[in-house]
Amino acid sequence: MPIRQLAPDVAAKIAAGEVVERPASVVKELLENSIDAGATQLRVDLMNGGLQLIRVTDNGSGIPADELPLALSRHATSKVAHIDDLEHIRSLGFRGEALASIAAVADVVLISRPRGSEQSAQVSAANGEISRVSTAASPEGSIVTVRNLFSSVPARLKFLKSRNTEVSHCLHLLEQYALAYPEIRFSVFSEGRQIFNTPGDGQLFSVLIEIYGLQVAEQMVPISSPPSADEERPVVSGYVSRPTCYKSTRQHLSFFVNRRWVLSRMLSTAVEEAYRTLLLGGRHPIAVVNIQLDPTLIDVNVHPAKTEIRFLKERRVYAAVMRAVRSAVLEEANIPTWRSDTPAPTSANANTPAAAPAIDDDIDDIPFGDADTAPSLPTELSPAEDGQQLPAFPQSNPWMTVTEEETGTRPPLQSRLWQSHIRPLRNDGHHQNVGAPLAGALPPSDMESASTETYDLPQDVTGRTQGASVHVDRESASAPMHDMAQIGAPSLAGAQAAHPASVHDFPELRVIGQLLQSYVVTEGSGGMYLIDQHAAHERVLLERMVAALKARAPISQLLLTPMQIELAPVELEAIEVHIAGLVQIGFSLEILEDATLQVKAVPNVLMKQLNARSLRELLVEMTGPERAGYSQTWEEHALANVACKAAIKANYFLTVSEMRELIEQLARTSAPYSCCHGRPTMVSFSASALEREFGRR
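For the sequence shown, numbering that gives the first Met the number 0 gives the first residue as 0, with consecutive numbering after it.
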């Protein structure tokens, strides 16, 4: 077939396919024109899902009569005059082809009256042919009417969805622009019935109420980035949901760069990474994130739809978004509340578990992309950019055993490490009583063994310990915890006087007992609290190991006899790739000639349950397929696996003193209300809820 020049109408219809994919595409282009014209009120009318009619009415600046034909011509715009203008784009539209593309696949009528003008004018276009300008009657602003969309392109028409689906796409688009421009009043009508309306009061929260409803909007918290004199630093603002207010898809993540709605996998990952350890798999937060950035640092001319964007300094944007979201969630975290009328948290109810473990705020150089080029985890604790000191981790020994006889004899914890933040446990004699039922439930032989049982003592964050296990006698049990710490142990690199990582008012709790040898039952001022002992211990271990990793002091234990593990070639190769990271978290490994892995040292917390099978499973799990994109560092991901394996399990008996010690250690963490996997560590049962269950109110 010979090469031939396409007819103008054919070329126009082909080009229009890049801009006009469905009715929502038309609505988008017309909305952007109205917003660029300075409109404060926008009305959108739809008929038959937008195929029969799309009308956008605004009160913007309007178009002079002599420019109306140009508005419908291809490559005609008022936004760009020179190529350099593309580097400083502030307007939503700039390509000068939207109206011409729409006119190629639909009938268009444009009526406009500039501000201060006494006369309106109109122009129309059909099949690419532009009519003469004529007079009309209309208020100040513009009215664009699009009829019979795709009637001349049956190939496109047959692939469209139902009317309701197309209306839904249009509504979703309008919601995004309403979130970006809360000062504009948006009204949407379908088949003459109003389906969406915003007040236009300039308050983003008002738009959240309109879109998500009051119940969900109340579970969203504001986010903001700290002020900075750096003009290239992204400025982040918006709202995000508490962790128990979630959706089943990522559709409710909205991102705006210089008030332009964009779709970005990187930004989605930044938000979801901020919720790491807070949400279980398959749950996604609600977020409205606004990013203000120098236009020279972004490229919006990637696709005709202008929803894709490129960042010149992608890492900085990622870090700024994740930091702002994480800080907001940390400040608003509290304990999940049990409610008998709701079997599980939903997108409408929210009392949140706590936030993710704090990591360095200065994460402009966080690793992402190729593993070979990614920088490793920062090895020193650095002050946060807003001047606040990063959370320090306790240096005391976090896990000890006391006999059942000492229950209740320990004085209030006076450690200056955290007494200003956490109220000490009361020593009012009640602990002696609550220990009796546990003690009486054991036969004498079991009681004797329980009173002298010893447990492995994990090293503190300096990596020092006095031995593999410890037995605390009566005198030591009455000593404050900081007296039990290693004397003369070096402090964390870069850390100042330690203070609790938690920013939460951890409740004052009194241990009542253990339920099913899995849950610690406690009483607080607000009612009853159940603590998952495995999840709580997992959180304690993870944060201590992360702190040690940052201080370049991995908590490692040499094996008297190296352990040899046989692995498949693929598994061995994966371990070889990550061997440097494994060394950083406390392993000492050597790959032998016969494709066998020799383990010489392991993280100390694994010593109690160390065997070849469990160690092999752990190594394979840690070195499995990489998490894609801008995820947490590999080392932290690996430490989460170690903490899960090393933490005490369900069906494990704890003495009352051990339960108290676990709670005290949990209170010191930065995220005491959730484990590494996002499950809650504790659930509260309010006094009023319990009274309702027993018919007392």
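Accuracy of the hints is not assured; some may be wrong.
Only pairs whose alpha carbons sit at most 27 Å apart, straight line, appear in this in silico BS3-like list of lysine-lysine [what the hints assert, rightly or not]:
#1 LYS599 - LYS648
#2 LYS607 - LYS648
#3 LYS246 - LYS312
Now the in silico label distances, taken between C-beta atoms and shown as ranges [what the hints assert, rightly or not]:
#4 SER227 - PRO153: 31 to 41 Å
#5 GLY37 - ARG696: 22 to 32 Å
#6 SER247 - GLU690: 50 to 60 Å
#7 SER205 - ALA228: 52 to 62 Å
#8 ARG696 - ILE194: 21 to 31 Å
Just so you know, these hints were derived from the structure itself, not from any lab. Just so it is clear, CB atoms sit at the ideal spot from N, CA and C, and this is done for glycine as well.
Taking the hints in turn, this is what the structure says about them:
Of the supplied pair hints, the one linking LYS599 and LYS648 holds, its CA atoms being roughly 26 Å apart against a limit of 27 Å. The hinted pair formed by LYS607 and LYS648 meets the criterion: a straight-line CA distance of about 12 Å does not exceed 27 Å. Simply put, LYS246 and LYS312 have alpha-carbon atoms about 30 Å apart, too far for the 27 Å limit, and the pair is violated. Look at SER227 against PRO153: about 54 Å separates their beta carbons, and that is not inside 31 to 41 Å.
Taken as a hint, the range 22 to 32 Å is violated for the pair GLY37 and ARG696, whose Cβ atoms sit roughly 57 Å apart. At about 34 Å, the beta-carbon gap between SER247 and GLU690 misses the expected band of 50 to 60 Å. Take SER205 and ALA228: their Cβ atoms lie about 32 Å apart, and the range 52 to 62 Å is violated. ARG696 and ILE194 have their C-beta atoms about 42 Å apart, which leaves the hinted 21 to 31 Å range violated.
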